[in-house]
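Q: Here is how the chains run, residue by residue.
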Amino acid sequence: MKRRGWIDALFIFPCAFAFIMVIIVPFGLGIYYAMTDWNGVNPIVNWVGLSNFQGMFSEPQFIYSFLITLMYTAINVVFVNIVGFGLALLVTGKLRLRNIYRAGFFVPNLIGGIVLGYIWQFIFNNVQVDMGNALGIAFLQKSLISRPDTVIWAMSVVNTWQYAGYIMMIYVASIQSIPGSVMEAASVDGANFFQRVRRILIPMMASAFTITLFLTLTNSFKQFDLNFTLTNGGPAMRFMAKPIRSSQLLAMDIYRTANQQNLMAQAQAKAVIFFIVLVIFSLTQVYLNKRKELEA
Amino acid sequence: MRKLLSLALVAVLALSVLALPASANEKVNFSVFQLKVEIDPMIQAFGKLYNEKHPDVNVTVETLGGGADYGGALKAKLTADQMPTIFMIEGQGGYDLWKDFIADMSDADWVKDTDLAFYDPDGKAVGFPIAMEGFGLGYNAEILEKAGVDPATLTTFSATKAAIEKIAGMKEELGLDAVVSVGTSVAGGLWWVTSQHVFNAFYAGYQEYNDSSVYDALRRGEVDQERLTAFANYLKLLYDNADPNVLENGNYDAQVAAFASGKAAFITQGNWIDPNLAQLEATFPMGYISHNFLEEESTGLYMAAPSWFVVNKQASPEQQKAAIDFLNYMALSEDGANYMVAEAGMVPAFKSVKLQPEGPFSKALVEASARGGNFNWYFGQNPDGFNQGTLGPIFELLATGTVEDFVADVTAAFQEIANK
Chain Z
-3 MKRRGWIDAL FIFPCAFAFI MVIIVPFGLG IYYAMTDWNG VNPIVNWVGL
47 SNFQGMFSEP QFIYSFLITL MYTAINVVFV NIVGFGLALL VTGKLRLRNI
97 YRAGFFVPNL IGGIVLGYIW QFIFNNVQVD MGNALGIAFL QKSLISRPDT
147 VIWAMSVVNT WQYAGYIMMI YVASIQSIPG SVMEAASVDG ANFFQRVRRI
197 LIPMMASAFT ITLFLTLTNS FKQFDLNFTL TNGGPAMRFM AKPIRSSQLL
247 AMDIYRTANQ QNLMAQAQAK AVIFFIVLVI FSLTQVYLNK RKELEA
Chain H
15 MRKLLSLALV AVLALSVLAL PASANEKVNF SVFQLKVEID PMIQAFGKLY
65 NEKHPDVNVT VETLGGGADY GGALKAKLTA DQMPTIFMIE GQGGYDLWKD
115 FIADMSDADW VKDTDLAFYD PDGKAVGFPI AMEGFGLGYN AEILEKAGVD
165 PATLTTFSAT KAAIEKIAGM KEELGLDAVV SVGTSVAGGL WWVTSQHVFN
215 AFYAGYQEYN DSSVYDALRR GEVDQERLTA FANYLKLLYD NADPNVLENG
265 NYDAQVAAFA SGKAAFITQG NWIDPNLAQL EATFPMGYIS HNFLEEESTG
315 LYMAAPSWFV VNKQASPEQQ KAAIDFLNYM ALSEDGANYM VAEAGMVPAF
365 KSVKLQPEGP FSKALVEASA RGGNFNWYFG QNPDGFNQGT LGPIFELLAT
415 GTVEDFVADV TAAFQEIANK
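Chains as they are written, first to last, in the working numbering: chain Z, -3 to 292; chain H, 15 to 434.
Worth flagging that the hints you see were computed from the coordinates, not collected in a lab. Note that this is a predicted model, so its numbers are computed, not measured. Hints are not guaranteed to be accurate.
[To be verified] A short, non-exhaustive set of chain Z residues, derived as facing chain H with CB atoms under 10 Å:
{"hint": "1", "residue": "Gly36"}
{"hint": "2", "residue": "Val41"}
{"hint": "3", "residue": "Gln117"}
{"hint": "4", "residue": "Ser142"}
{"hint": "5", "residue": "Val147"}
{"hint": "6", "residue": "Ala187"}
{"hint": "7", "residue": "Leu226"}
{"hint": "8", "residue": "Arg234"}
{"hint": "9", "residue": "Met236"}
{"hint": "10", "residue": "Pro239"}
{"hint": "11", "residue": "Ser242"}
{"hint": "12", "residue": "Ser243"}
{"hint": "13", "residue": "Gln257"}
[What the hints assert, rightly or not] Which stretches of chain H does chain Z cover? Using the computed rule of at least three CB atoms under 8 Å from a CB of chain Z, they are:
{"hint": "14", "segment": "68 to 76"}
{"hint": "15", "segment": "111 to 119"}
{"hint": "16", "segment": "256 to 264"}
In this text, a Cβ means the ideal position worked out from N, Cα and C, and glycines have one as well.
Just chain H, same shape as in the assembly (with noise of 0.2 Å):
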């Protein structure tokens, strides 16, 4: 009796290392994992009403919490043999570790409706673009009124640098703790604004879409000196109008407080802030002016998808059929068109969509658009780690250094990834 009640024990114990997989269903199920918490709500109810439009069809959407690594929990997934059907991609960095598990996708019909696909290097559609995003200058329009400060006039370098010094002078009576909000801290985790979006304006500003010609050069270690001291001097521009505070350990929430709060007149935030701006209560009228590093004339954005839903390759052909339908309703129905816009407020990518996003500053990126001579974005086809390793510190040294050090550091970073 004994023995066979050890018996049984062990084998209890030893059943239960062994975890029996869950029966199938009938249905197609698919998956969706992406990183942008803050349509994590809008998007679970899309997938709920795209479940109960499409019986056949059985999609569970999953949001990765705000700030985590989405690449090592995508990872994770992989090795847990959970891929997710669809999954996001930030460029070429991501396309290049995940390519063999991104589907072709040129043969969907929301390719012919959009032009911020991404593109494999054989030219295939791979990547379907989750928003338009954009950023520049943004300005309170309250604020520059008041110190006499039209910015339609701000499209050079000395314009917009005159503009700061005047409001630098005038900061007690317009009530502001500094003229620019601007972080740079690796430890509050704004490395990212700087070394990625601000730093872009030297990759593309005051060039054709389409251009990429400073950014080829720049990675083949050929490094324009005179530029990147014009941007330098630029950016140390606005690191001397900020608060040292926000700028030396502040982080999101701090920058963009002190924007909506009135506090500062100039934000450098894409329009991705606009439901923070909501939630501050910040009424104020604003919009953006270009990053003017140059002497030459510009109104130019810097606009384009800021990443992209891919079709894992090595899915079941069931699962990708029901995964590109699933991106296909998302972008031209009318469903789609009310999750994107008015749901989850982002400027759509797709020329079909006529909604217009309420945030001002996404309303300000949709005139930009339409007026036209913006600029693309290149800072995600830095290699892994680049922007955030590397630039990151070099980025924040500038707000205490020099901007002779600042160059000779960027050069000697570039210098060093062309290299290998």
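The following block holds chain Z by itself, in its conformation from the complex (with noise of 0.2 Å):
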């Protein structure tokens, strides 16, 4: 067959085209910028090498989102899989009318994010308040988005609430791929309901292991709509001396940085760094995943 290169250099141009202009292009910009003392709006761009690296880990706000980030992240991870694997279990199992749940179950995550955040505020600020008042239950009565120390886990509720259905789907599938007769056959042998899903369940999903964690850990990492809505970073509490944000996660921070202070270059290299660090974070946690799929 005759080659037939320019011919396949036009069709793979548009898409190249596309992707150079708005990947590669603004990557390369992005990184250029996080070294200069760029506002946004200025045209007049002078370098400044790295000091603005140097700046941010001096930084108390900073440092709190980096953390908070990483626990929020950690949270994430455990809660949407044990609760997107549950409902998998629970939908593929001898349950009537288990379309309807799966359906329902996925259905939060068709709400988008702002919607969300709104409606969990008003949960929240209002419903929950409520309830502890009338129940008398002191825990209920100040809401839980307004103290610095549940405010984390508040936002790890509504994101499973609305992350947990997804993940489910893949569970799923996963699930029904497996031969039904491999379940049989153990059954037949005397294996318990755990005892299946422990051993021949949990290892044949192993790719999809790799994809929900994957999957859950990016996400969580890069909140912001949620984080946005729900609680805007607040409430304030003190952190190494200084009044900050509580829940302000490391999206936000960039945010706030690039478009209230107008810090456009400061803020673009936290999102260097943000980019480094959830890089590493997911090709150590596909890198682990992988090889327990060859194990399997």
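Using the hints, put the two standalone chains together into the complex.
A: This is the structure:
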């Protein structure tokens, strides 16, 4: 067959052009701007080297945002996957109306993060407080999202509620691809339900875990919309002797630096760090999971 | 044939990437990009009327949706090469950021008709005041009367404190949830009320309108501890007599609703809540007292232009001229006065406008303006993000914290920006 390289190249061109223009070029520009004093408007841009990177690690808000994002990600990876897996077991079992449940658990994922944030803000600030007052439970009398020690957990609950249904779908697909005969053989051999899940289902679903853990890890790490509408970073608390926002995750910290303080270059430097950390975490996770897949 | 087809396909795909610019129109097109969502229908109508009366120009007005990030959206427009001809700044921070895009309007006719124009450091008029806005401590006259408190006597800290404590003791019989409707929550988005407007009393209170000495000293890092402690005690008094749910996680709607429904006797809001009060059918008489944090007598309110229209210097000369004509028309014509006052319900920033606004708090401002002895606004001169990012959490922490911590935090915050 005759090779027609230039026609192939032309076919690739639109995609390649778009990819270069919207991913590669902005990425390179971003790294460049991280080393300047650009404010987003001023056309005169001065090179400042790495000083933007040095400044951020002495900023209490940034350090706190970094730590709280790691914690939030850890909580979410555990919560979302346990709940998602549990729901998947439930709806692949011998349950009546299981298709309706499947759809039902998935629906929260179809609601946008912005709307969801406002709905849950109402639930925490009004419904929860009224319930606490009516039942006389002191713990519920103050909104969970206005307490620095509970706000991250409250956000995780909302995120799990939204995201577990989606993760459940991936698990369901994976469970359904396991031949029924394997599970049947195990039951005949006398394995109980937990043994079957532990010894057969989970090892055979290793590739699904790679995907779900990756998705939950990256999504929680990049969380923004829910953070923005549900808590807006609040409530305030003291960290390293400075008043800061106790639920301001990294993405929101970057956004605020860029758009409220008009420190575009510093925000860009934070975004570069954010990117590097996320890449390290997600590559490590995929590497570990892949090894598990091979063992299985 | 197939080769031809694939070639054509490739061509179509490649072309679709390159968008063609729209063809030019003979009229002078210019655009307004503004952020006051509450006046959107009125300014749209005014733009349409202007187009009808001026067939040689075409103005398009765009409003950014409620609560959205105007600064970010404007940067996006700049990046997309769609910079509007007229846009808004909200003070010194905005001016410093956008100064390369702000034209001198010193020669425009509207400048002579107002005291509230925004001047650049060289003394050139560059900003067209959108309206006059103002605030103090708003009160519900009906509740005060039932409690036997005469608002005219509330001119010092001790009188205000005594009144708040008296009403606090009568909450049950007056049907109140709390004495003061005030919010400070970062989450609820009410940081701007306390850390900008109420705190402005500290910057400007008890001084001549154009005397910025307290604020200037503050920005040099010299924080008057006695004055700040007095202010903190006043703010703590308001916080201690607020509904904790409104104070710590309430939003704008919750704050205004508490006052409008007669569940609170005082509110820390400006005259921009008039339309909301009308919607909530709050018909009781109301007015303002000053933010009295010292023992000195004062009835002054805090009044200034909240934001200014500026003209994009980098637009074409025809567009700039059309934009200035448009602003002149808004300030000086009857249609403009009708739009600003009768339609949008704003307090006009121009002396020649004779119409009076209908809203109760706006009326109180007009009266105070005639009476004199009012105070300026300085919070707009703080660095970008300082009011929200730095002061916001400090003001929220006072709700559960102490006056001493608050004074120390505010002092440290101003010393930090002074060293830069």
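Q: Determine for every hint whether it applies to the structure shown.
A: Structure-based check of all given hints:
1. Gly36: Since chain H brings a Cβ to about 5 Å from Z:Gly36, closer than 10 Å, the hint holds.
2. Val41: Result: violated, 13 Å to nearest chain H Cβ.
3. Gln117: Holds. Min distance 8 Å.
4. Ser142: Status holds, d = 4 Å.
5. Val147: holds (8 Å)
6. Ala187: violated (50 Å)
7. Leu226: Hint holds; Z:Leu226 Cβ to chain H Cβ min 8 Å, cut 10 Å.
8. Arg234: holds (7 Å)
9. Met236: Because about 12 Å separates Z:Met236 from the closest Cβ in chain H, which is outside the 10 Å limit, the hint is violated.
10. Pro239: Interface hint status for Z:Pro239: holds (4 Å vs cutoff 10 Å).
11. Ser242: holds (9 Å)
12. Ser243: Where the cut-off is 10 Å and the nearest Cβ of chain H is about 8 Å from Z:Ser243, the hint holds.
13. Gln257: Holds, because the Cβ-Cβ distance from Z:Gln257 to chain H comes to roughly 3 Å (cut-off 10 Å).
14. 68 to 76: Result for this restraint: violated, n = 0.
15. 111 to 119: n = 4 at 8 Å, threshold three: holds.
16. 256 to 264: holds (count 5)
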